[in-house]
Amino acid sequence: MLGVLRIQGALATAGHARLLSARLLASKSTTDMTTNRGESTQSAATEHFDIIIGGGGLVGTTLAAALAKNSTLADKKVLLLEGAPEFRGFNPTGPYQNRVSAINHNSIELFKSIDAWTHIESARYKPHDNFASDVACIIENDLILDAVYARVKEAPNVEILNKARIQCVRLPRDSNSNLSELQLQDGRSFSCDLLIGADGANSVVRKEMNVDVFSLNYDRMGLVATLELGEDACDNSVAWQRFLPNGPVALLPLTDRLSSLVWSTTNEQAKMLQALPPTEFVDALNEAFCRQYPRVELADKAVQALNSLFGHNGSQHQVQYPPRVCGVLDKSRATFPLGFLHASSYVCNGAALVGDAAHRVHPLAGQGVNLGFSDVRFLVESLAAGAYAGFKLGDKQHLIKYERKCLAKNVPIMLGVHGLHTLYATQFSPVVLLRSLGLQLTQNLPPVKNLFMRGAMGQ
Amino acid sequence: MLRNALARGKLRHLLSCPIVRNSTRSSSTAKPLDAGTQKEVGHHENYASEWWNQNGTMGALHALNEIRVPFIRDGIVSRGNVKPGYVNTTKVLLGQSILEVGCGGGLLTEHLARLGARVTGIDLGEKLIEVAREHLKCSSPELASNVVYKMEPVDQHAKANCECYDAVIVSEVLEHVNDKVSLLEASVRSLKPGGSIFITTLNKTIPSWFGGVLLSEYVLNLVPRGTHHWDKMISPLDVQRILDTMNCQTVLVNGSTYDFWSNTWRWINNNQMCYALQAVKQAQREYN
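Note that the protein sequences, when read in sequence, are chains G and D.
Numbered according to the UniProt record's numbering, the first sequence spans residues 1 to 459.
Numbered according to the UniProt record's numbering, the second sequence spans residues 1 to 288.
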């Protein structure tokens, strides 16, 4: 008790000191204030936009481009806020970047609809026909950003504000007050009919929306890198993924001789791998792809029995190995934390969430950014329909339609990806048995296999 | 025929003079409302403060905008009175002048104004008109130049505004009115030839009584009790028959229903529950 009191006392004195110093500073700067008054009142004036997008990442920028492209929303003033300095652009002749995305069919359709696809196609991309030809492809994130950024730049109704960090947000609490307001860290303030949170997993907008968030920390990190492959890679058109005890490791083809790596593993191992010298890192990687782990005998026998039931014998199922990795590009290794997150609601009066601000999944199925792009499609569709029916852009009545469409699509995929992660994170024999049988059954039953494949391809 | 028309015009002119004088003196000296109407107006005024609360008893009415605004919008577009360049933009109703009879708190009025229309909303409830004006001023000031609210009966309004609207809307009103013929007659009178009257209401069927009255008022408490009455409900065929006598041709009747669990309305392929109807006023024929 005494300790608490004393701490409080200390805080109080510290507070006093701060207040005092603030006053002193204030008195010193009054002269500056008076000279700058004209300017300060100008900056204090709130500028109004119809839609403000908080966060100019892949999803936020794509949303801005899609809004600008929609004919019903063409007269809406849009502001895109991005914390980082202006995008430097993408150099298609430079070295490959380590952050890539597996873009599915639906997302490609979205890029086509906003005229960004030819830009991507003409630069560099590799269709990867793991499932079928020309369905999904691995594209560098910066290339996607470059393509959609160009569309946003040429849009007459969209403004971009860089180095703009949101300080605080105020949303209309009831249906009577009607504007969302926000203030930037540099003091500028804006108001809008609809504020869209595209500001990632730690969304400021989501916090202000007061929605419940379900989140899990996987205690895993993703390690990304750009790899050089050996001569045995052939045309390198297949994406590889292997589930290791610590998490999946995947090779995503970029060119005939380059692949992108996504390796999910424990935090310690990820840090260790990132720090290894290049040759040792390559060895560790090759070992990870080829090493035999102790197998559950029961599961192996059950799979054999199942195969004989379907009339396959063991020799038909030869184990295939991924191409041998022979080098890693300089400075291409990076790590990022993995987690699961889902907001209980994507919308409220005056605000909506898209992309990672609303949901975040394990990268093992390459669905994260595709879910974000599908949010973009649903949101633009819903906003256009709502505006054409005379709704205010921030009216929850029509925004709820966007949420319903998203939930119906996102929740099953997220549960599936999370389920896969959990399924492979265990060595518990009954679970191993079931997953081995499940995988084999899926492999042997074409309709089931097609169902999963269509899901992954986003059709 | 010609003499007839002239005589009618003269008669109307004669009639309109004292009424105009009346209305300028004071609105309270206008013809007093009958007891039934008074009761209905009072019932709705009791919920005046609830009108704009999306989560309250008017939730279903808010949700109805999802289908009735597109019904009216597309109905007007389909008559070919909208510039092709405006279609699919948010100014689709620019230049259209619309009368909304029984506008209540202005839920529908503001939506139509937001699409560019000039809308006049009339209602008998003083409190409701106050709520509508207040909301317009506070929450949608950008629409102030497009919307006018008036507390006056439709027959009085029609006398002063004969044949001057491109569209007249009687949405969720007919089921609260005793004298449907005179309400529709006055509404049609204020409509330009070639203009459309849009009506949405409940059908008079067992399912609509079961869902619209028993279930929603007494079991689920979605709507305040005593909002709807069996004897005041009317079938689309009866509405059509009344409109036929007023030279209005019904061009569209769409059935709709309400899903209370998701607070959404949707079109269905029968009009046993609720319906939306569009009729077009024909130009006066020269022969008899």
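It is worth saying that the hints were derived from the structure and are not from the lab.
Ideal Cβ positions, reconstructed from N, Cα and C, are used throughout, including at glycine.
Keep in mind that the hints are not guaranteed to be accurate.
Stated by the list, open to error - DEER-style ranges, computed between Cβ atoms:
| id | chain 1 | residue 1 | chain 2 | residue 2 | range |
| --- | --- | --- | --- | --- | --- |
| 1 | D | A60 | G | N162 | 51 to 57 Å |
| 2 | D | E163 | G | G187 | 55 to 61 Å |
| 3 | D | T205 | G | P430 | 55 to 61 Å |
Stated by the list, open to error - Listed below are several chain D residues computed to face chain G (Cβ distance under 8 Å; list not exhaustive):
| id | residue |
| --- | --- |
| 4 | Q54 |
| 5 | T57 |
| 6 | H62 |
| 7 | N65 |
| 8 | E66 |
| 9 | P70 |
| 10 | T89 |
| 11 | R114 |
| 12 | L115 |
| 13 | T205 |
| 14 | N221 |
Outcome of the hint check:
1. A60(D) - N162(G): 51 to 57 Å: 45 Å, violated
2. E163(D) - G187(G): 55 to 61 Å: 57 Å, holds
3. T205(D) - P430(G): 55 to 61 Å: At 57 Å between Cβs, range holds.
4. Q54: 5 Å, holds
5. T57: This hint is violated: T57(D) lies away from chain G, its Cβ roughly 14 Å from the closest one there, beyond 8 Å.
6. H62: Hint on H62(D): holds, closest Cβ of chain G at ~6 Å, below 8 Å.
7. N65: 7 Å, holds
8. E66: 7 Å, holds
9. P70: 5 Å, holds
10. T89: 6 Å, holds
11. R114: 4 Å, holds
12. L115: Holds - the Cβ of L115(D) comes within 8 Å of chain G, reaching about 5 Å at its closest.
13. T205: 28 Å, violated
14. N221: Violated - the Cβ of N221(D) stays beyond 8 Å from chain G, reaching only about 20 Å at its closest.
Of the numbered hints listed earlier, those contradicted by the structure are 1, 5, 13 and 14.
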